[in-house]
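Participant: Sequence:
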Amino acid sequence: MDDRHEPALRVSDRDRDQALDVLAAALTEGRLDPSEHDVRSQRALRARTSDELAVLTSDLPAPAPSRAEQDRKDLREWLAEWRYWLGGAVIMSGIWGVRCAQKGELTYYWPLTPLGVWAAVLVAVAIWPRGTDDAGAQTEDGTS
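Note that numbering that gives the first Met the number 0 gives residue 141 to position 142 of the sequence shown, counting from 1, and the numbers run on in steps of one.
The hints are simulated quantities; they were obtained by calculation from the structure and are not laboratory data.
The structure displayed is predicted, hence computed values, not measured ones.
One should not assume that every hint holds.
[What the hints assert, rightly or not] Each computed SDA-like pair below joins lysine to any residue, with the alpha-carbon atoms no more than 25 Å apart:
(1) Lys-72 - Ala-61
(2) Lys-72 - Met-91
(3) Lys-72 - Asp-14
(4) Lys-72 - Leu-121
(5) Lys-72 - Ala-119
(6) Lys-72 - Val-122
(7) Lys-102 - Met-91
(8) Lys-72 - Ala-25
(9) Lys-72 - Ala-123
(10) Lys-72 - Trp-127
(11) Lys-102 - Ala-118
(12) Lys-72 - Ala-24
Start from the sequences, fold in the hints, and give me the full structure.
Facilitator: As structure tokens, this is what we get:
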């Protein structure tokens, strides 16, 4: 068995910036006091390996994604749903086509109903206003 220790990867400026973002979020949330934030930030700027950065942020949660990041994620998921819709359309149309070939005549295109409903839901998801966490939030007792 090989007992050699693999060296930690060297970090980039982007890696340091991500660690600084985590530290800044922790300061804003009150998880770090200003002096500890300053010490950790200085160490993050001097860090050369991923192990050094990991030690600085291991006891902190990752910051919540920004609105732009969340929007990109939502768009990717929505487009993936359309790919599923297209796959369903191909399968249902294939079934319809085989049945038409067996009967020797074109019949009612029944996939129109499920595909239409599915597409309407996907369009509604795209245009429906998204709820915001801060507007209209209620407390546990039901008051605003």
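Participant: Holds or violated: Lys-72 and Ala-25, Cα atoms, limit 25 Å.
Facilitator: Holds, at roughly 23 Å.
Participant: Need the status of pair Lys-72, Met-91: alpha-carbon distance at most 25 Å?
Facilitator: With Cα atoms ~29 Å apart, Lys-72 and Met-91 exceed 25 Å; violated.
Participant: Holds or violated: are the alpha carbons of Lys-72 and Ala-24 at most 25 Å from each other?
Facilitator: 21 Å, holds
Participant: Quickly compare the C-alpha distance for Lys-102 and Ala-118 to 25 Å and report which way the hint goes.
Facilitator: 29 Å, violated
Participant: Would you check the hint for Lys-72 and Ala-123, treating anything up to 25 Å between C-alpha atoms as holding?
Facilitator: 18 Å, holds
Participant: Please work out if Lys-72 and Trp-127 have their alpha carbons no farther apart than 25 Å.
Facilitator: 17 Å, holds
Participant: Given the hinted pair Lys-72 and Ala-61, is their alpha-carbon gap at most 25 Å?
Facilitator: Judged against 25 Å, a Cα distance of about 17 Å means the pair holds.
Participant: For a C-alpha distance cap of 25 Å, please report whether Lys-72 and Asp-14 respect it.
Facilitator: 21 Å, holds
Participant: Verify the proposed pairing of Lys-72 with Leu-121, using a straight-line Cα cut of 25 Å.
Facilitator: Roughly 16 Å separates the two Cα atoms, so the pair holds.
Participant: Assess, step by step, whether the Cα of Lys-72 is no farther than 25 Å from the Cα of Val-122, and give holds or violated.
Facilitator: Measuring from Cα to Cα gives roughly 17 Å; hence the hint holds.
Participant: Has the given pair, Lys-102 with Met-91, been kept, meaning a C-alpha gap of at most 25 Å?
Facilitator: 17 Å, holds
Participant: Need the status of pair Lys-72, Ala-119: alpha-carbon distance at most 25 Å?
Facilitator: 21 Å, holds
Checked against the numbered hints listed earlier, the structure breaks hints 2 and 11; every other hint is satisfied.
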